[in-house]
Amino acid sequence: MDSKPQVPLSVDCTSTDLALFSAIQQRQMRALDLLYDRYGRLIYSVAFRILNSVEAAEDVTQETFLKLWQQCDRYQPQRGSLSNFLVVMARSRAIDKVRSRKSAHQRLQKWQASLTIASTQNHPLEAATIKERKQLVRTALSQLSDAERQVLETAYYGGLSQSEIAKQSNLPLGTVKSRSRQALRKLRLALKHKL
Numbered sequence: 006m007d008s009k010p011q012v013p014l015s016v017d018c019t020s021t022d023l024a025l026f027s028a029i030q031q032r033q034m035r036a037l038d039l040l041y042d043r044y045g046r047l048i049y050s051v052a053f054r055i056l057n058s059v060e061a062a063e064d065v066t067q068e069t070f071l072k073l074w075q076q077c078d079r080y081q082p083q084r085g086s087l088s089n090f091l092v093v094m095a096r097s098r099a100i101d102k103v104r105s106r107k108s109a110h111q112r113l114q115k116w117q118a119s120l121t122i123a124s125t126q127n128h129p130l131e132a133a134t135i136k137e138r139k140q141l142v143r144t145a146l147s148q149l150s151d152a153e154r155q156v157l158e159t160a161y162y163g164g165l166s167q168s169e170i171a172k173q174s175n176l177p178l179g180t181v182k183s184r185s186r187q188a189l190r191k192l193r194l195a196l197k198h199k200l
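In my numbering, the protein residues as written are 6 to 200.
Mixed in with the good hints there might be a few duds.
Below are the EDC-like pairs computed for lysine to aspartate or glutamate, each with C-alpha atoms no more than 16 Å apart in a straight line [what the hints assert, rightly or not]:
#1 Lys102 x Asp64
#2 Lys182 x Glu169
#3 Lys182 x Glu63
#4 Lys102 x Glu137
#5 Lys102 x Asp151
#6 Lys172 x Glu60
#7 Lys72 x Asp17
#8 Lys72 x Asp101
#9 Lys191 x Glu137
#10 Lys191 x Asp151
#11 Lys102 x Glu68
#12 Lys182 x Glu158
#13 Lys197 x Glu137
#14 Lys182 x Asp64
#15 Lys182 x Glu60
Ranges of calculated distance between the beta carbons of each label pair, as one might list FRET restraints [what the hints assert, rightly or not]:
#16 Asp151 x Asp17: 26 to 32 Å
#17 Leu176 x Arg54: 28 to 34 Å
#18 Glu60 x Arg190: 16 to 22 Å
#19 His198 x Pro82: 45 to 51 Å
#20 Val103 x Leu47: 18 to 24 Å
#21 Glu169 x Gln81: 39 to 45 Å
#22 Pro82 x Ser108: 34 to 40 Å
No wet-lab data here; the hints were simulated from the structure. Beta carbons: idealized from backbone N, C-alpha and C, even for Gly.
Produce the entire structure from the sequences given, and follow the hints as far as they go.
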């Protein structure tokens, strides 16, 4: 069997979705750029309708196109249009984010309720346990860099979103996100077996 190297497809803004997808399969970044230009707004609007957040919708839009690039074998042209495939991927990812948010919110509410119940009871052992936990959290927070601690405190005590923190502190959004992610990872590790 004679296997010839594939000649890169020539794509431009007039190329069909199928031609662009074939170029993506050949790892041509230009094709992904063209698809993003073509369907980025559509994907963003689908994500925004579900999430009602500019930042989260932007994240889902980027994740959708990144997943197409990384796992292009998931799209089967005979099953439907590429635009529908992208919409379904974005919708699924946005719904996953909503579920994750609800789950995190419910965990936070349970934790706050347990602290409220514990603080209203005057049992000495419970009071000592709460005091010990507070100290463990303070110690873990003190191990963070000032920049990481500031991002977390602003988010959790100030109630600001990551984009609001970026604007307020005059930092790039990516920096705020990475500091937040790094700080939470450090806290998780520090408190893993202690709480």
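Take the C-beta atom of Pro82 and the C-beta atom of Ser108, compute their distance, and say whether it sits inside 34 to 40 Å. holds, 35 Å
Lys182 paired with Glu158 [C-alpha distance capped at 16 Å]: Answer holds: Lys182 to Glu158 is near 14 Å, not above 16 Å.
Take a quick look at whether Lys182 and Glu169 sit within 16 Å of each other, Cα to Cα. Holds, because 11 Å separates the two Cα atoms, which is no more than 16 Å.
Could you say whether the range 28 to 34 Å given as a hint is met by the Cβ separation of Leu176 and Arg54? holds, 29 Å
Within a Cα-Cα threshold of 16 Å, do Lys182 and Glu60 meet the stated pairing? Distance of about 11 Å is within 16 Å: holds.
Distance restraint between Lys172 and Glu60, which requires alpha-carbon spacing of 16 Å or less: holds, 13 Å
Could you grab the alpha-carbon distance between Lys182 and Asp64 and see if it respects the 16 Å cut-off? holds, 12 Å
Between Lys102 and Glu137, does the CA-CA distance stay at or below 16 Å? violated, 33 Å
For the pair supplied as a hint, Lys72 and Asp101, is the alpha-carbon distance within the 16 Å limit? holds, 15 Å
Range agreement (Cβ of Pro82 with Cβ of His198, hint 45 to 51 Å): Since His198 and Pro82 have Cβ atoms about 50 Å apart, the given range 45 to 51 Å holds.
Straight-line alpha-carbon gap Lys72 to Asp17, limit 16 Å: Violated, because 22 Å separates the two Cα atoms, which is more than 16 Å.
Mind checking the alpha carbons of Lys191 and Glu137 for me, to see if they're no more than 16 Å apart? The hint is violated at about 19 Å.
Hint check: violations occur at hints 4, 5, 7, 9, 16; the rest are consistent with the structure.
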